[in-house]
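2 protein chains.
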Amino acid sequence: MTGKLPDTCLDQIFREARTHNAWLDKPVPDALLHAIVDLLKLGPTSANCSPARFLFVKSREAKERLKPHLSEGNRDKTMKAPVCAIIGYDLDFYLHLPKLFPHTDAKSWFEGKKEKIAETAFRNGTLQGAYLIMAARALGLDCGPMSGFDNQGVDREFFAGCAISLMAIRPDSFRGRRASASTRWRGSSKTPR
Amino acid sequence: MTGKLPDTCLDQIFREARTHNAWLDKPVPDALLHAIVDLLKLGPTSANCSPARFLFVKSREAKERLKPHLSEGNRDKTMKAPVCAIIGYDLDFYLHLPKLFPHTDAKSWFEGKKEKIAETAFRNGTLQGAYLIMAARALGLDCGPMSGFDNQGVDREFFAGCAISLMAIRPDSFRGRRASASTRWRGSSKTPR
Numbered sequence: 000m001t002g003k004l005p006d007t008c009l010d011q012i013f014r015e016a017r018t019h020n021a022w023l024d025k026p027v028p029d030a031l032l033h034a035i036v037d038l039l040k041l042g043p044t045s046a047n048c049s050p051a052r053f054l055f056v057k058s059r060e061a062k063e064r065l066k067p068h069l070s071e072g073n074r075d076k077t078m079k080a081p082v083c084a085i086i087g088y089d090l091d092f093y094l095h096l097p098k099l100f101p102h103t104d105a106k107s108w109f110e111g112k113k114e115k116i117a118e119t120a121f122r123n124g125t126l127q128g129a130y131l132i133m134a135a136r137a138l139g140l141d142c143g144p145m146s147g148f149d150n151q152g153v154d155r156e157f158f159a160g161c162a163i164s165l166m167a168i169r170p171d172s173f174r175g176r177r178a179s180a181s182t183r184w185r186g187s188s189k190t191p192r
Numbered sequence: 000m001t002g003k004l005p006d007t008c009l010d011q012i013f014r015e016a017r018t019h020n021a022w023l024d025k026p027v028p029d030a031l032l033h034a035i036v037d038l039l040k041l042g043p044t045s046a047n048c049s050p051a052r053f054l055f056v057k058s059r060e061a062k063e064r065l066k067p068h069l070s071e072g073n074r075d076k077t078m079k080a081p082v083c084a085i086i087g088y089d090l091d092f093y094l095h096l097p098k099l100f101p102h103t104d105a106k107s108w109f110e111g112k113k114e115k116i117a118e119t120a121f122r123n124g125t126l127q128g129a130y131l132i133m134a135a136r137a138l139g140l141d142c143g144p145m146s147g148f149d150n151q152g153v154d155r156e157f158f159a160g161c162a163i164s165l166m167a168i169r170p171d172s173f174r175g176r177r178a179s180a181s182t183r184w185r186g187s188s189k190t191p192r
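As given, the protein sequences belong to chains A and B, one line each in that order.
Note that numbering that gives the first Met the number 0 has the first sequence beginning at 0, numbered continuously upward.
Note that numbering that gives the first Met the number 0 has the second sequence beginning at 0, numbered continuously upward.
Be careful, since some hints might not be right.
Since the list gives no way to pick out one identical chain from another, each pair is judged satisfied if it fits inside one copy or across any two copies.
[Said to hold, decoys possible] Capping the alpha-carbon separation at 30 Å, the derived lysine-lysine pairs in DSS-like fashion look like this:
#, residue 1, residue 2
1, 3, 40
2, 40, 79
3, 113, 3
4, 25, 98
5, 112, 3
6, 3, 76
No lab work stands behind these hints, which were simulated from the structure alone.
Turn these sequences into a full structure, and let the hints guide you.
Encoded structure:
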């Protein structure tokens, strides 16, 4: 039990924060991206299962790989963002439970249970997506969560051969400026392979 | 674009926060619950669809209605919590889009699309669940997110006749004290009726 945070903090992560779709032309250092992940990974998930996987797209080359899979309305603003975070979930997350939740045999809760694996990965990966937004805002960055992309295309391009399914792409394109309209986030999910 | 929040704030909502399962014997005023909702509802959802619905269980009578639907391991700590937040999602959420997202006909994206409705409600309701945790922590309260309950039973007991499906029960039992072990959150979901 602690005290209420100062209003300036509540303003920054909730009240004054907006979904942005235009960005400052300033690079986001990798150290800052690591700091975001170091915070968000502390947010609670079921049995600490932490299924989300984050891919940060920064380089021109990486963005070009992403471009053809974005819906037209999202293409320009996404390409102009200093960073795009692609959030996937790992369908093999439960293999790590002996390390992440060592006080019981949590791995056995999931073995051979495809539907439970998919639902747990989706729910907890989504929670972690929300933690990412909160962590980025807390570190002073603006976000423009959205989807509007070809889920399977991005999945093939960036996660081929992995058990990682794309949950939502979120050009959490940091350091935005207030824009005239909000973008939408309609992240879609896949059934497990 | 803003600055990084002070470390004391980051500590409170991420670094020092824990999942609690024991609680101070202090009531949580309704005004504080309203303040939590007033913050969390500002967190981003797809097209501002905001499908989550929150039911706060405080009275002895309400807790007794909840009790038989809790798994045995969760019963005692849940009953002792000053407040339990039940989080559901409203499968009729899209009917409110003309108000929540007025600049386009967003309602039409969902009409007659059961699968899309269910997925959107689940994902965005889950995001709002994460915002609830962050908002509660930001206002100085501790949480013990978990499920371990009979989803259908709680649904029948509290949401019968509504289009609200229970997504996860979370005894976000505020004002906890540090406990020796974390509880788990394995919120389950329902298919839409």
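State the violated hints by number, sorted upward, taking the hints as numbered earlier in the document.
Hint check: 3, 4 and 5 fail, others pass.
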